[in-house]
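Line by line, the protein sequences are chains E and Z. All residue numbers for the first sequence refer to the working numbering, where the first residue is 4 and numbers rise by one. All residue numbers for the second sequence refer to the working numbering, where the first residue is 241 and numbers rise by one.
Hints were generated in silico from the structure; no laboratory data involved. Hints should not be assumed to be uniformly reliable.
[Unchecked claim] Below, simulated BS3-like cross-link-like pairs (lysine-lysine); rule was C-alpha separation at most 27 angstroms, straight line:
id, chain 1, residue 1, chain 2, residue 2
1, E, K82, Z, K358
2, E, K207, Z, K353
3, E, K95, E, K114
4, Z, K373, E, K150
5, Z, K288, E, K225
6, E, K157, E, K266
7, E, K48, E, K245
8, Z, K455, Z, K267
9, E, K30, E, K225
10, E, K128, E, K30
11, E, K30, E, K207
12, Z, K445, E, K54
13, Z, K445, Z, K469
14, E, K157, E, K114
15, E, K111, Z, K455
16, E, K225, E, K128
17, E, K48, E, K225
18, Z, K290, E, K150
19, E, K225, E, K207
20, Z, K267, E, K48
21, E, K207, Z, K455
22, Z, K358, E, K249
23, Z, K358, E, K207
24, E, K88, E, K68
25, E, K157, E, K48
26, E, K48, Z, K455
27, Z, K514, E, K95
28, E, K225, Z, K365
29, E, K150, Z, K267
30, Z, K490, Z, K514
31, E, K82, Z, K469
32, Z, K353, Z, K373
33, E, K255, Z, K470
34, Z, K470, E, K249
35, E, K255, Z, K288
[Claimed, not checked] Some, not all, of what chain Z presents toward chain E, calculated at C-beta under 8 angstroms:
id, residue
36, K250
37, D277
38, V329
39, P331
40, I332
All values reported here derive from a predicted model rather than from experimental measurement. Glycine included, every Cβ here is placed at the ideal spot set by N, Cα and C.
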Amino acid sequence: MIISIASGKGGTGKTTIAINLALAIGKVHLLDCDVEEPNSHIFIKPQINSKAPVYISVPEIDKSKCDFCGKCSEVCAYKAIAALKTDVLIFKELCHGCGACEYFCPQKAIKEVNRNIGFIETGEKGNLLFTGGKLNIGEAMASPIIKEVKNRVKPEMINIIDAPPGTSCSMIESVSNSDFCVLVTEPTPFGLNDMILSVEVLRKLNVPFGVLINRSDLGDDKTVEYCENENIPIIMKIPFAKNIAKAYSQGKPIIEALPEYRKKFIALYENIKERIK
Amino acid sequence: MRELVIISGKGGTGKTIITGAFASLAKNKVLADCDVDAADLHLILKPKIKEEQEFLSGTEAVINKDLCNECGLCRRLCRFDAISEDFLVNPIACEGCNFCAFACPQKAIAMQKNPKGKYFVSDTKFGHFAHAKLGIAQDNSGKLVSLVKKQANEIGQKLKSDWIIIDGSPGIGCPVIASMSGVNCALIVTEPTMSGLHDADRIIKTARHFNAPIKLIINKYDLNPVMSKKIEAYCKNNDISVLGKLAFDKTVVEAMVEGKTIIEYAPNSETSNKLREIWNKIDNEVI
Chain E
4 MIISIASGKG GTGKTTIAIN LALAIGKVHL LDCDVEEPNS HIFIKPQINS
54 KAPVYISVPE IDKSKCDFCG KCSEVCAYKA IAALKTDVLI FKELCHGCGA
104 CEYFCPQKAI KEVNRNIGFI ETGEKGNLLF TGGKLNIGEA MASPIIKEVK
154 NRVKPEMINI IDAPPGTSCS MIESVSNSDF CVLVTEPTPF GLNDMILSVE
204 VLRKLNVPFG VLINRSDLGD DKTVEYCENE NIPIIMKIPF AKNIAKAYSQ
254 GKPIIEALPE YRKKFIALYE NIKERIK
Chain Z
241 MRELVIISGK GGTGKTIITG AFASLAKNKV LADCDVDAAD LHLILKPKIK
291 EEQEFLSGTE AVINKDLCNE CGLCRRLCRF DAISEDFLVN PIACEGCNFC
341 AFACPQKAIA MQKNPKGKYF VSDTKFGHFA HAKLGIAQDN SGKLVSLVKK
391 QANEIGQKLK SDWIIIDGSP GIGCPVIASM SGVNCALIVT EPTMSGLHDA
441 DRIIKTARHF NAPIKLIINK YDLNPVMSKK IEAYCKNNDI SVLGKLAFDK
491 TVVEAMVEGK TIIEYAPNSE TSNKLREIWN KIDNEVI
């Protein structure tokens, strides 16, 4: 089972929901797909057992074989190769690692080499299994790392995915193929606007979802109205509370600071399980 | 003309609220929303669209079933798992690399250019505004960010504006890097939480990597004064100027619900006064 936790707008509480849901269930696999700004580990403090680099393939040119025909540059859709009369320049940051240049080089002068763009960590905390990805500073492409994190989904376990904000590539990569997505929002105009965008993405991806309204007593009623009109289930509401905000700021899970929330997160899981059936 | 981008690493720290306040306070500026896949600034600027253009970027493979003999070469070559067993292309997975189209022995694959969103130049009561709307489930948001920035720059050059003020996106990847290019100041908005500090550290390193000069604001500092002190100490150690600290203020949400900047909605509030102070510092200090 894969449950992803997403939201268009940042800072609505994705990580809070992901880690509390994971801790309340207990025996789960928590995967942090927010590889640009991963935060789950701050709350879980897992013991890390292994760390593996993530690479993408980039071309390397053997200039003793290259006859500067320019084919590699011609087939590169990302303008990552510039062929000059007596030289070939490679802009590694632009390369998506598609492999076309190597395949088409008539001189077999290109070989692919690994370029490190981030890493994956795995660890555990009690029953909880943790996998998280991290993009290296200065790197632009998060998707290959998210893919690697998702390759480690354990089909026999409950997998909870903490997704990155937004509605573009990284979010799509993180939530696609989920059995259910919890869309976390706050009832403000910004929260609603970005939630509607996320709803459209999830519908396009055919991922079933429900809305969780965080800080549900701030803002206005338009989020609830929208969900009612669109027949979207509201699966949980969490009112604003200074002690929740304080626990968060200290890197503490809600269910530790306010133990009555443990039951609520278990109920959330039961609710999701019913909906997946 | 100086360029300011407001970024945060972590989402939801208050970038757009602060950009909105600067829209009210700065004179002779162009505004831009570079958070193209979760754009919100238009909700308080209420733009009247003057120009609208299609964002055409990259391509997607389309297989012509009449020519395809299902040899399977495209499926073997595609590194993005974008071609299904029955030879349909998943447009969301397709990265537009053209590899399959070049390699297909039957010449059965064409690369199609699809509109992936729209970008706009608008008028607002605060001045000109460049913004965009990425299509649903589309990628390439870094390129759209660069386009929005280019539009804002062109207007700014033409009108001899003093400032380009850019609302950025969360994270440290592609769209953020695109929004930071060539700015005179990257203003980082953070909050006093462990996540806030962790994420600020990563965005600061990213900004330094691309040589963007950095300043910082701590938002909602009173939610955890101890953590705020830690962030201030971090900034001191890293030679980053903290322009100000804003207290948690429910008026900010009320202003957003009314579709107004905090300066318009509560001009004499403590938050507005603080933001005025911060803007004056930016205007005086950023070169």
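Do the hints match the structure? See the list:
no.	hint	result
1	K82(E) with K358(Z)	holds (23 angstroms)
2	K207(E) with K353(Z)	holds (20 angstroms)
3	K95(E) with K114(E)	holds (14 angstroms)
4	K373(Z) with K150(E)	holds (26 angstroms)
5	K288(Z) with K225(E)	holds (24 angstroms)
6	K157(E) with K266(E)	holds (25 angstroms)
7	K48(E) with K245(E)	holds (23 angstroms)
8	K455(Z) with K267(Z)	holds (20 angstroms)
9	K30(E) with K225(E)	violated (37 angstroms)
10	K128(E) with K30(E)	holds (10 angstroms)
11	K30(E) with K207(E)	violated (31 angstroms)
12	K445(Z) with K54(E)	holds (22 angstroms)
13	K445(Z) with K469(Z)	holds (20 angstroms)
14	K157(E) with K114(E)	violated (34 angstroms)
15	K111(E) with K455(Z)	violated (49 angstroms)
16	K225(E) with K128(E)	violated (40 angstroms)
17	K48(E) with K225(E)	violated (37 angstroms)
18	K290(Z) with K150(E)	violated (40 angstroms)
19	K225(E) with K207(E)	holds (23 angstroms)
20	K267(Z) with K48(E)	violated (47 angstroms)
21	K207(E) with K455(Z)	violated (40 angstroms)
22	K358(Z) with K249(E)	violated (40 angstroms)
23	K358(Z) with K207(E)	holds (19 angstroms)
24	K88(E) with K68(E)	holds (14 angstroms)
25	K157(E) with K48(E)	holds (21 angstroms)
26	K48(E) with K455(Z)	violated (30 angstroms)
27	K514(Z) with K95(E)	violated (44 angstroms)
28	K225(E) with K365(Z)	holds (26 angstroms)
29	K150(E) with K267(Z)	violated (45 angstroms)
30	K490(Z) with K514(Z)	holds (15 angstroms)
31	K82(E) with K469(Z)	violated (46 angstroms)
32	K353(Z) with K373(Z)	holds (18 angstroms)
33	K255(E) with K470(Z)	holds (17 angstroms)
34	K470(Z) with K249(E)	holds (15 angstroms)
35	K255(E) with K288(Z)	violated (45 angstroms)
36	K250	holds (6 angstroms)
37	D277	holds (4 angstroms)
38	V329	violated (14 angstroms)
39	P331	violated (10 angstroms)
40	I332	holds (6 angstroms)
Of the numbered hints listed earlier, those contradicted by the structure are 9, 11, 14, 15, 16, 17, 18, 20, 21, 22, 26, 27, 29, 31, 35, 38 and 39.
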